[in-house]
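Peer 1: The lines below spell out each chain.
There are 2 protein chains.
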Amino acid sequence: MSPTIEDAAEFLERALRSRSFVLIVGDCRVDYDGRASSTLDWGERAVIIKKDGSVLVHRPTGYEPVNWQPPSCLVRLSRSNANGLTVNASRAQPRENISIEYRNISLAAFGSLNDTSEFALHVTEAQMKQAILTAPNLVEEGLRPLAEEKHISETGFTDIYAEDKNGFLVIVEIKRNAANRDAVMQLQGYLEKIRKRTDRHLRGIVVAPYIRKSALPLLESLKIEFIKVAPEQCFAVLKTQKDMKISQFIAVSEDDNSKLI
Amino acid sequence: MSPTIEDAAEFLERALRSRSFVLIVGDCRVDYDGRASSTLDWGERAVIIKKDGSVLVHRPTGYEPVNWQPPSCLVRLSRSNANGLTVNASRAQPRENISIEYRNISLAAFGSLNDTSEFALHVTEAQMKQAILTAPNLVEEGLRPLAEEKHISETGFTDIYAEDKNGFLVIVEIKRNAANRDAVMQLQGYLEKIRKRTDRHLRGIVVAPYIRKSALPLLESLKIEFIKVAPEQCFAVLKTQKDMKISQFIAVSEDDNSKLI
DNA sequence: CCTTTCAGTTAGTTA
DNA sequence: TAACTAAGTGAAAGG
Chain A
219 MSPTIEDAAE FLERALRSRS FVLIVGDCRV DYDGRASSTL DWGERAVIIK
269 KDGSVLVHRP TGYEPVNWQP PSCLVRLSRS NANGLTVNAS RAQPRENISI
319 EYRNISLAAF GSLNDTSEFA LHVTEAQMKQ AILTAPNLVE EGLRPLAEEK
369 HISETGFTDI YAEDKNGFLV IVEIKRNAAN RDAVMQLQGY LEKIRKRTDR
419 HLRGIVVAPY IRKSALPLLE SLKIEFIKVA PEQCFAVLKT QKDMKISQFI
469 AVSEDDNSKL I
Chain B
219 MSPTIEDAAE FLERALRSRS FVLIVGDCRV DYDGRASSTL DWGERAVIIK
269 KDGSVLVHRP TGYEPVNWQP PSCLVRLSRS NANGLTVNAS RAQPRENISI
319 EYRNISLAAF GSLNDTSEFA LHVTEAQMKQ AILTAPNLVE EGLRPLAEEK
369 HISETGFTDI YAEDKNGFLV IVEIKRNAAN RDAVMQLQGY LEKIRKRTDR
419 HLRGIVVAPY IRKSALPLLE SLKIEFIKVA PEQCFAVLKT QKDMKISQFI
469 AVSEDDNSKL I
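Line order of the protein sequences matches chains A and B.
The first sequence begins at 219 in this note's numbering and counts up by one.
The second sequence begins at 219 in this note's numbering and counts up by one.
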C-alpha cells in the first residue's frame, strides 16, 4: 500500500525540484531548532511544503501546525540511511531549522496549484460600492447616487457619482482597505479631469475602512474629504438585502401555512 | 485523472463519517461569514479537515491558511447541483460558517493518523534533568548530584538527589513547564516519605521555567524552594555538550591537518 | 532592515 | 465559563 522509502525519496526529490505544492503523510519524527527548540517523537502527521518554502507539520487535531517554517526557506531532502528519509527546512535570519525524519510514508503527492484569485476579507470593493449605492447615507446624509462610472483609463478605481443635499456634484472613491496617499492622488487626478469639463462645484470623498496617517496632509491640502466606512457596515447592508428576500419568502410561507389551518 | 465530482462526493461522504484526517485538493470557491466575512473566488487549494472539526484552506503560498475553522465545528457535505460539491463547516459561539464549493477535485484522501507522542517545546524533562546533572550550578552554586532516583510509586516525577555545599540532602523536582500546586504537593509527599527514613536535614527544590502565582503560598508554608531554570539554559548546556564533542573532533582534525602541512 | 501594531488571531492558564 | 496573557506568534505598514 505505502510506497517504499526508496520510491518516496525519488518521488519527493522530483517534487521539491519542481517547486510545486507538496503533500506528505507519514510516520515521522520532527526536530526544530531556532528561536526555540522542540522535539516530537514518532507519529503520523501531514506535511505541506509550498513553493515559496513554507513548511507546515500538522498533527491529527488542532488549528495550528505543531511545527512549521515560514515562507522563503530552503527545503532539502537527505537519506539518513537505507530506511530513513529526512526533509530539512532551514532559513537564516533568524537561523532556524526543522528536520522531519520519516520511517514510513503512506501518501506523497505534488502538483502546481493554479490559484490567482484575490482574497477579499469582509467585502470586495464591488460589494462596498453596492452597499453604498443601496444605502448612500453610509457616506453622507442626503447623498443621491447618479450613475455608475465606467472605468475610462484608471485601474482599480472603484467610484460613485452622486449629488449631495445642496446639489453639488460628488465623486466618491471607494477603497476596500486602508486609504493611502495613492488613493488620494488617484481621486485628485480624476477630479482634475472632471473640472476641465464642468463648472459645477465638485467634492471629492475617499471612502475606506480607515486612512493612513501619512495620507492626511495630502488630503487636507487638496480639500478632499475622508469618510470612514467599515466593511462590516457594508456587509450589514448587503446582508439586510439578502435577509429581506428571505424574510419576504418566509412571510409568504407563513401566509400559506395560515391558510392550511 | 481527477475523480468525478460524483465519485469524490461519495468518497468524501465516507471520509467525513469516519471522522478521520481528510485531504482535498481541488478547484474551489470559499465563502466565510462569522466574526468577519470573506470571499475567495475560484482557484486550486488544499483543504485539511481534521477529526476534531478543524478545517484549513491553504493557498499555494504562505504560512497561514486563507480560511479556516477552529476545532469542534460541524462539517457537512452538500450537493449544490450535479457538478457542484460543497463542504460546509460551521460552529456556534461565535456563530461562524465557511463553505467550500468545488467544481473540480484533483485529489481526495483520508485516513486516521496515529500520533500519540508528546510535543516537547524547548527540551524534555529528561533533557532538563540531563542538563542539570551536567551543570548543577544551574540550580545552585556548589550542588553535587548523588544518584538518579528510581521511580518508586510516583508518576511523572522527574527528580535529582543531591547534596548542597553544606552537606545537606537536596531533592530537586524538575518540571518542564510551569510549576503549579500539584508539583509542590508532589515534592512535599516525597519529602515526607524520605523524612521518615532519615534524620538528615532535607531541602526540597522545585526547578521549572516559572511558577504559578497560585503555588506560591503553598511553597512558602511548606518551606520548599523554587529555582527558575529556563529550558533555553538547559538547551544551551546540552548544546555545549554536543558542541564539545564536535569541537573536540574538529580540534583533532585540525591537528591532523597541521600534520599534513 | 527594524519597529510598531493588528489579527476572523489561537492556545493556555487563572479567577 | 469568562478574562487575561503569551506565542518559535505571522503579516502589514511606516520609518
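Honestly, I wouldn't trust all of these hints.
Which copy? The list can't say, so a pair holds if one copy fits it or any two copies do.
Said to hold, decoys possible - Listed next, the in silico SDA-like pairs over lysine to any residue satisfying Cα-Cα at most 20 Å (straight line):
1) Lys441 x Ile412
2) Lys269 x Thr279
3) Lys411 x Asp249
4) Lys431 x Ile266
5) Lys441 x Glu262
6) Lys383 x Arg235
7) Lys269 x Gly280
8) Lys446 x Ala254
Calculated directly from the structure, the hints in this document are not laboratory data.
Nothing here was measured: the structure is a model prediction, and the numbers come from that model.
Peer 1: Out of the numbered hints, which ones does the structure contradict?
Peer 2: 3, 4, 5, 6
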